[in-house]
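Asker: Produce the complete structure using the sequences and hints provided.
In case you want the letters, here they are:
4 protein chains.
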Amino acid sequence: MEKVRVGIIGAGRIGRVHSKSLTNNIPEAELVAISDKFVESAKKAAEEFGIPNYYEDYHKILEDPTIQAVFVCSPTNTHADIAMEAAKAGKHIFCEKPIDTSVAKILETERVVKEAGVKMQIGFNRRFDHNFRKIHELAKNGDLGEIQIVKITSRDPEPPSAEYAAASGGMFLDMTIHDFDMAAYQAGSPVEEVYAVGAVTVDPAIGEAGDIDTAIITLKFENGAIGVIDNCRQAVYGYDQRVEVFGTKGAAAADNDTETNVTVSTKECVSKDKPLFFFLERYMQSFGDEVREFIKAIQNDTEVPVGIQDGLAPIKIAQAANLSMKEHRPVKLSEIK
Amino acid sequence: MEKVRVGIIGAGRIGRVHSKSLTNNIPEAELVAISDKFVESAKKAAEEFGIPNYYEDYHKILEDPTIQAVFVCSPTNTHADIAMEAAKAGKHIFCEKPIDTSVAKILETERVVKEAGVKMQIGFNRRFDHNFRKIHELAKNGDLGEIQIVKITSRDPEPPSAEYAAASGGMFLDMTIHDFDMAAYQAGSPVEEVYAVGAVTVDPAIGEAGDIDTAIITLKFENGAIGVIDNCRQAVYGYDQRVEVFGTKGAAAADNDTETNVTVSTKECVSKDKPLFFFLERYMQSFGDEVREFIKAIQNDTEVPVGIQDGLAPIKIAQAANLSMKEHRPVKLSEIK
Amino acid sequence: MEKVRVGIIGAGRIGRVHSKSLTNNIPEAELVAISDKFVESAKKAAEEFGIPNYYEDYHKILEDPTIQAVFVCSPTNTHADIAMEAAKAGKHIFCEKPIDTSVAKILETERVVKEAGVKMQIGFNRRFDHNFRKIHELAKNGDLGEIQIVKITSRDPEPPSAEYAAASGGMFLDMTIHDFDMAAYQAGSPVEEVYAVGAVTVDPAIGEAGDIDTAIITLKFENGAIGVIDNCRQAVYGYDQRVEVFGTKGAAAADNDTETNVTVSTKECVSKDKPLFFFLERYMQSFGDEVREFIKAIQNDTEVPVGIQDGLAPIKIAQAANLSMKEHRPVKLSEIK
Amino acid sequence: MEKVRVGIIGAGRIGRVHSKSLTNNIPEAELVAISDKFVESAKKAAEEFGIPNYYEDYHKILEDPTIQAVFVCSPTNTHADIAMEAAKAGKHIFCEKPIDTSVAKILETERVVKEAGVKMQIGFNRRFDHNFRKIHELAKNGDLGEIQIVKITSRDPEPPSAEYAAASGGMFLDMTIHDFDMAAYQAGSPVEEVYAVGAVTVDPAIGEAGDIDTAIITLKFENGAIGVIDNCRQAVYGYDQRVEVFGTKGAAAADNDTETNVTVSTKECVSKDKPLFFFLERYMQSFGDEVREFIKAIQNDTEVPVGIQDGLAPIKIAQAANLSMKEHRPVKLSEIK
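Chains as they are written, first to last, in the numbering used here: chain A, 1 to 337; chain B, 1 to 337; chain C, 1 to 337; chain D, 1 to 337.
Since the hints were made in silico from the structure, they are not lab data. Careful, some of the hints might be misleading.
Since the list gives no way to pick out one identical chain from another, each pair is judged satisfied if it fits inside one copy or across any two copies.
No farther apart than 20 Å at their CA atoms in a straight line, the calculated lysine-lysine pairs in the PhoX-like style are these [unchecked claim]:
hint : residue 1 : residue 2
1    : LYS114    : LYS332
2    : LYS134    : LYS267
3    : LYS3      : LYS20
4    : LYS337    : LYS267
5    : LYS140    : LYS267
6    : LYS20     : LYS97
7    : LYS249    : LYS267
8    : LYS272    : LYS140
9    : LYS44     : LYS3
10   : LYS134    : LYS272
11   : LYS249    : LYS272
12   : LYS97     : LYS114
Answerer: Here it is, written out as structure tokens:
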């Protein structure tokens, strides 16, 4: 089968992650170009990963007729516009999350993509995490029976600056969005209603900037299951990423991944490794696997595993969570337009 | 120091648990009488545990001037009345939970007990569980920093009958009440507001009887921490009792207790014991320790570790949770009179 | 069924452990007398556990016709003689390990006990430990297939004094003897050959006193399985007691028991409890269960679960291990007379 | 820094593993040629990993003046000869284990390599395993105090055929050789004496072919520590690879690696993943890291981390173990010439 020729738009952190996966682990793809407004970043990535072309202007990638697929790794507020341009140029699209923070803009993107007849996958990489995928498959296969409760713990190792928090659209859109996607993925059902409680327990400056850094969000799913997510912008012991699904036939729970399986016993205590530091360490395997699935979907002309509607759903949940917190009441997803 | 002479009112399951602790593990106490409306139960317990006297009428115990303390292990709806009679008879009281389901009645009991100048301890045994007590002490000593999130999982191995559920006052008063107490105990703060989501996922008959069998309850504590409890009337793998406290300096989490620490590895899987079956197995150590503390408080004339206000608080939370579920909104504890 | 009337000879540490079990946990037995050369110890135990009679001279116990069973908890070098006297007095015997360090004396004891027609159980309590018993049962039931390898780790939290070590008959007779019994118990087969490597890595004074404090002992069992025991007189992290049995259908491994199941995660590490401190904490459940089984064997007139031959076998293995270390070669059990 | 140009001799399983590492994970190296007697294998690897040249005759690689380093991945009995040829051709050498089964031949290889002034690293990849390296570093840094006991469990998931076993030089040379290296690596000391007990518990045909499939090997190290290895050719639950180091300040123990950290709780049991299947899954990370270290040693002209003497030592231990088993006695390493 012929290799899929790929270009990457955006040579920041996530652009580099995908560059590495495509170069080292996806022999079915050929990474032929990378672009970045800061052309030095594109140049550096090109050298490091042996990418033949680099550009300042991403249109060079869209104009290259030999390129079949692009990865949209640019700043969030450009995702939808670039994706639509790429669709019109006939490229398949792998778009980092979120597509946009506006529901209308996402729906517009969907329309354009459909018209262009290209594929568009959203970068909810955690669905491809070895632990969470195993739980999902157990749930999907019925091994856990009817799903009753989904629990997600998601805590970052270090808080962002208050400036970042303020600009991020709020914690729910910036951080919890992954968990909203995971919750529906594990429940096997869309979310119907949200109730969110937020608090500022880490950094008062985040509170002054109008955001929260700690939250518990209760979810009702359309299939009758219920769920809860707890978030914090800082866990001093590291990146805490756990999922538990409880059903009528059993429960499956994923503990954190660690660097080693070594237990050290001393006079003071019996200790084990802390969780892997942050998402680049914890989710590296999933970043590779989502790209592999995307390339495979192009080669076999099958559905991408995470589509635009999957990208839209968590945005709506995040908006409902924000409304719930603001109005101090449960909010139905149907209220969000 | 002289032994504390004790009588037990009610020879059912929990009366027998306390009989056993008092006989075998609390040399500082002497169990001298037991009563039960079904006198055969009292007789049987008396024989089994070597209790010198048994009665049909608990007044015989209240009238015995050599008895210093009584354990109220009778049906729930008699707790408050018997406790007040006992107080008037000058007996110290160990009262099973809940004192009553009416806030007014509990406050009346408190007044009577105060006037009588006797001690009254409430049977929230889980506070004495080795795992949960360790977490509580870490939190209280500041080892976890400021408490941010309290999480409790509490699932029973087997659902009650729908009849029992209907008569129990609802799941929140019957089952979650222990978790409401645990949440405040671990947060180191009273609950300020509750939001409850309930579902019927185990037994439709429970739903038809007007109750729920599955729930997620979000809590706001007065000290700014937030918390969540998830409950289910049936976990097929057994009694699931876990607590996690997360703070600015670290987190402490208690896993389930098991019969052995043996891991068995076969062609099929690597397996460990299921959780201990139910509360009699799981909490036996705590049932002994709460009684030991009660006897010690009498001997040393110190405060009992779990007082009437501790018995009142979870009742109010349960009522708030019921109201929240009914009116589909968060409810402040201050709304409950 | 009538209670078995019991006397205890020796009010030291282990005599007190059995006093407590018999008083609190074995309603089928009645502890009626205790004796000790240091009569104050006997008196103190009598008061603490409510034993009606205490004596300086253990013959008082043997002469009491109402006593059916005695526990020999006196110094090791008196075990066999007292057991034989007790047998002649028609008492059933629970004898602490080792019966004696001389094979001939043990065989003599066996003859006397057989002639007297009484039961004699040896205090290898670890066979009754919840973890090790589960492994034993899995092995015995064939769940692990043919047993191939038995591994035992047994390390004490604190070394004895060099004086104690010198007087103890050596580490193999004093400490490893429990592991020799456990090895055969788990392999389901007697030991055929031993090879022992010893070292002094903890306390040079123990070496100067002619003993070792660290060892690895390889075992061949008669059924073709092989095994290994590793010992150390000091593990700074606490009492390390683990057993692993590996067979053609699977493996079972027991980890250490701990005070709680709490995991604490901080900036520094993720830690759990250290193992329970020493044998009184770790094996308390087994001390109770072995006594319960002994009383039951008397009441039902059945075989005791650990007989004199079970008491003899580890003595012979220990002697073979000593010879192996001295002569620096594997030693067959058949060489030991 | 300039890339190190590399050729691989032997395109079998391990040659492909190194091809993959060099291509994907070691940007400091450039894999320019691969050879195999079965030229189709070389061709296939060349295509799969994008290696520009492939040959039937490995001399083509040795004759290429641009190639600085070769990987000897040919059959065991050719390792030493090819390594010497490569040394004479001025190539640095990465040689799979064992260098040879003859001590004399290994010493000859060492002489030739020294004269040629090239580097030669031996493929004891497990030293680079994340778990075992962590233990090694704790031990080396003194965090565990003086090393007292080293324990290694090493069991394969599936036995080889009896023909393979017969031709392999015996289990100690074929399988335990990795564990002999690991034991000395963890003890921080050469082995001084060996005592080996072998058994046939898996496949009688292996016994008939003159080999064993199960063993316990006791080791004395020169530094006074003692150790034990247990081996079996088949563990039905999978590849069991554990190391434990016990010292005067503490112990470190590595558990098996698994595919996920998910726990599944059902009516039947609480289960976790089985160990990773076999060495390709379990040790993939270490195969990459050993190559990275080799390339780095060439670039920086530093010592290779695993030298010829490291390759020699386990051969001598294996021969001593064979002699021990044959003569049924402990054997000193100094007896092996």
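Asker: Next, verify each hint and record whether it holds.
Answerer: Evaluation of the provided hints:
no.	hint	in the structure
1	LYS114 to LYS332	neither (28 Å within a copy, 48 Å between copies)
2	LYS134 to LYS267	between (37 Å within a copy, 19 Å between copies)
3	LYS3 to LYS20	both (16 Å within a copy, 18 Å between copies)
4	LYS337 to LYS267	neither (59 Å within a copy, 43 Å between copies)
5	LYS140 to LYS267	between (46 Å within a copy, 18 Å between copies)
6	LYS20 to LYS97	within (19 Å within a copy, 31 Å between copies)
7	LYS249 to LYS267	between (42 Å within a copy, 7 Å between copies)
8	LYS272 to LYS140	between (32 Å within a copy, 19 Å between copies)
9	LYS44 to LYS3	between (24 Å within a copy, 17 Å between copies)
10	LYS134 to LYS272	between (24 Å within a copy, 12 Å between copies)
11	LYS249 to LYS272	between (31 Å within a copy, 16 Å between copies)
12	LYS97 to LYS114	within (19 Å within a copy, 57 Å between copies)
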